[in-house]
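Novice: Listed here are the chains, written in short residue letters.
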Amino acid sequence: MPSLDDYKGQMPAWCPGCGNFPILKTFKDAVVELGLEPHQFTIVSGIGQAGKFPHYLKCNTFNGLHGRTLPVSTGIRLANHDMIVIAVAGDGDCYGEGGNHLLHAIRRNINIKLFVHDNQVYGLTKGQASPTSMEEMKTKVQPFGVLSEQLNPMALAVALDCSFAARSFAGDISHLKEMIKESIKHKGFSLVDILQPCVVFNKINTYEWYKKRVYHIEAGYDPTNRIEAFKKALEWGDKIPIGVIYRNNRPAFEERMPIIKDKPLIKQGFDMSKIEAALKGFY
Amino acid sequence: MDYSIKIGGEAGQGIQTIGDTLAKVFSKTGYHVFTHQDYESRIRGGHNFFQIRLSNKPISASRNKIDILVALDKESILLYKNELSEQGIAIYDSSALRQKYEGKKLLDVPFETLAVEHGKDRIMANTVATGAVLGMLGLKLDILFEIINDIFRKKGEDVIKGNINAVKAGYDFASKNCTDCSFSIKEPAEESLMLINGVEAIGLGAISSGCKFYSAYPMTPSTGILNFMSEKAEGYGIVVEQAEDEIAAINMTIGASFAGVRAMTGTSGGGFALMVEGLSLAGMTETPVVIALGQRPGPATGFPTRTEQAELMFVLHTAHGEFPRLVFAPGTPEQAFYLTNKAFDIAERFQIPAFILFDQYLADSAWTFRRFDLSKIKYNDYRLRGNDFKKLGSYKRHAFTDTGVSPLAVPGDARHVVVTDSDEHDEEGHIVEDAETRIKMVQKRLLKKIPLIRQEMSQPILYGADKPDIVIVGWGSTYGVMKEAVDALSPPRPPLIKGGQRGGIAMLHFSEIYPFPSSPKFLHILNKAKKAICIENNATGQFARLMREETGYEFKYKINKYDGRPFIIEDLIGEINAVIG
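Quick mapping for you: the protein sequence lines, in order, are chains P and R. All residue numbers for the first sequence refer to this note's numbering, where the first residue is 1 and numbers rise by one. All residue numbers for the second sequence refer to this note's numbering, where the first residue is 1001 and numbers rise by one.
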């Protein structure tokens, strides 16, 4: 069985008090509890503070480009669907730069677990607005406040029939751990939007701000009811629901692609003797 | 024997079906064929043509005279009447065109009426036309019947019978009524030949190299590869995914390659512009990928369906940062096949991005060949997988080595983890900031590899006189037309000049472009020639610039064509003669 010692990585270069620390710690706890070993999964990350995440633990890692976590993850899954693939991105990375990929990864329902470290601000580039910044936020670049409407990742996910959409909070680690585990166990595309304070650049959405507002979705809630899910997804403001907002049983892309239905692509050999038949087709 | 047939008409009228069928009949019979297509960026209407040249000797380009014109619209007659050779005849259907033409070069063949009478369906008018062409040439029909049987097997006996009757009707009509037809068909020199175009050859090269993953966004002229790979997906176990955009296409390709399979993407200039960031990612993470880049005239959307060689500098210089890349520019479908294989091999061996740079002209032109030799295909799995990976005591994805090539392991096959990063990284693949590691990584990734890759590059092909006075130089798809120009401009029996006097004309053709092949031999030929002419399908002479950059040699003479159309033999000869004086 793996232990936390197996997951020691580099010293994080995050600011003291960063919301990424509890996410990192909780993630390690979750994979240890799931019995996952470092070589059994790959983290694909982008650029931003969240992009550094895989360096601070130990696992197969592809730290790629800003916004491009999902297509790289898709390529990995299509080549080897025995490999668990976790995409780690920030709100700018995933909802801004890589927005188009998010739409299509949800459509494909490729079995990727996407964890968005959503601090509602750009950290690495020092404090500009992100797609999830709230309208009253003023920054050096948005001196009149954010004029565009705040993106609602959960409503987007429900609208696109995303097979697993959940929200959690870096300040509620037992909840976060459950969401991470549920997400990894889910068969299909899964989006977990993790609310996370940025202690340096986001003076609005602080730990206190979130703590006053987030609540656990009530026990009787049915996340398979899409209409109810949409209503739940629209809740934001004085009360912010955390938990599984929506889920369905759409078969994952990998199950529907005939070529890899029975065997991952990397396990399928190359048979040169079959090429002669292709050549014959040209006579 | 050397005949050219042109089929002209609107998009959607089926000129490609007639052209493909005739080309297949000729190649199956054993004639050499060269086809080229000219079409507009539209699905219906406009004006397109399909040109086929057939001969009993190998051929490699189109000529400017037509012997048989199949005119499916009035435009064809207007545009190409003057291209008809001395013995040239145009056939058309006066009822379909609602116009009757006078003159003995114009033969009215009632395609539609014969189709209804004999095939029981007006849709078979093109089949009548196909039969009529064969009737004019006096070729036997049995091979066309075989082809019809193959195509319509699923549609049943009636459709097959209808088409065969339609062919016969066209054939008989032309045989009887084309009194001015004076074509003399020689016996074919060959057994059945293979007929293949550029994009099919690239696709075939990919599957022969063990390519398991292809992701692309459709874009002319590279879509043919996407179609080919999809068609072969099931039989050859290839995952083909149409990406949401080219950025996704190259990133998926990189992801699949990282996970352990040979992977490829394809696009054209505009799409490639979107891929550029991903190209740099492949360079930094040392992930092997093959990129098929089909050029068409730009800038921007340009001429979407036409041809140009104007992306050489783009492909050589694009992407941020410095990293090695491989660029091949095949001149024929045969070269495309072997070079695609070589690209996969070198890409994986050195863990770099490799390009097959082609263009619409090569993509859509079909050539005949005796066979492609599969014994020349190289397949080495350079990845570290399975037990070999498990046996290692430790593993570093970007370990420093003498060659700069680190072990490329398949993640998940052993307990070791595989780590890579678009940031500068250490041997393990983890993010770093220090100068010392940076220097060592640049040396490993770039400086150590480049000379080794350069050693793999073949010299250009010298064709024609071996101590030429006149040298024509080109790259990529101009190979065929330059070769024919050399043939036409060479004396009938080249003087024996080995070790002796100089003279004659030769071609130097580059298909392995970058890293630029090391130079003494071809540079000697260029320096000794009285006149060396660089011939390119672009406006500024990009290859000439590359030659100067790499060798210091500067071309005094250039022939550039940038109208979006390929070179035609006679036109090129005229331009060469103008330079020779």
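No lab work stands behind these hints, which were simulated from the structure alone. For glycine and all other residues, C-beta sits at the position ideal for the given N, C-alpha and C. Where hints are given, some of them may not hold.
Stated by the list, open to error - Listed next, the stretches of chain P that the computed footprint assigns to chain R, with coverage defined by at least 3 CB atoms under 8 Å from CB atoms of chain R:
1. 19-27
2. 42-52
3. 78-91
4. 95-105
5. 259-265
6. 271-277
Unchecked claim - Computed cross-link-like contacts, SDA-like style, restricted to lysine to any residue with a CA-CA straight-line distance of at most 25 Å:
7. K25(P) to D1423(R)
8. K181(P) to K280(P)
9. K280(P) to E1334(R)
10. K267(P) to K1530(R)
11. K1376(R) to S273(P)
12. K181(P) to D1413(R)
13. K274(P) to R1370(R)
14. K1530(R) to E1550(R)
15. K1057(R) to G1138(R)
16. K261(P) to S273(P)
17. K1154(R) to D82(P)
18. K280(P) to S1060(R)
Novice: Run every hint past the structure and note whether it holds.
Specialist: Each hint, compared with the structure:
no.	hint	result
1	19-27	violated (count 0)
2	42-52	holds (count 4)
3	78-91	holds (count 5)
4	95-105	holds (count 4)
5	259-265	holds (count 3)
6	271-277	holds (count 5)
7	K25(P) to D1423(R)	holds, 23 Å
8	K181(P) to K280(P)	violated, 51 Å
9	K280(P) to E1334(R)	holds, 15 Å
10	K267(P) to K1530(R)	violated, 58 Å
11	K1376(R) to S273(P)	holds, 14 Å
12	K181(P) to D1413(R)	holds, 24 Å
13	K274(P) to R1370(R)	holds, 19 Å
14	K1530(R) to E1550(R)	holds, 21 Å
15	K1057(R) to G1138(R)	holds, 19 Å
16	K261(P) to S273(P)	holds, 23 Å
17	K1154(R) to D82(P)	violated, 39 Å
18	K280(P) to S1060(R)	holds, 22 Å
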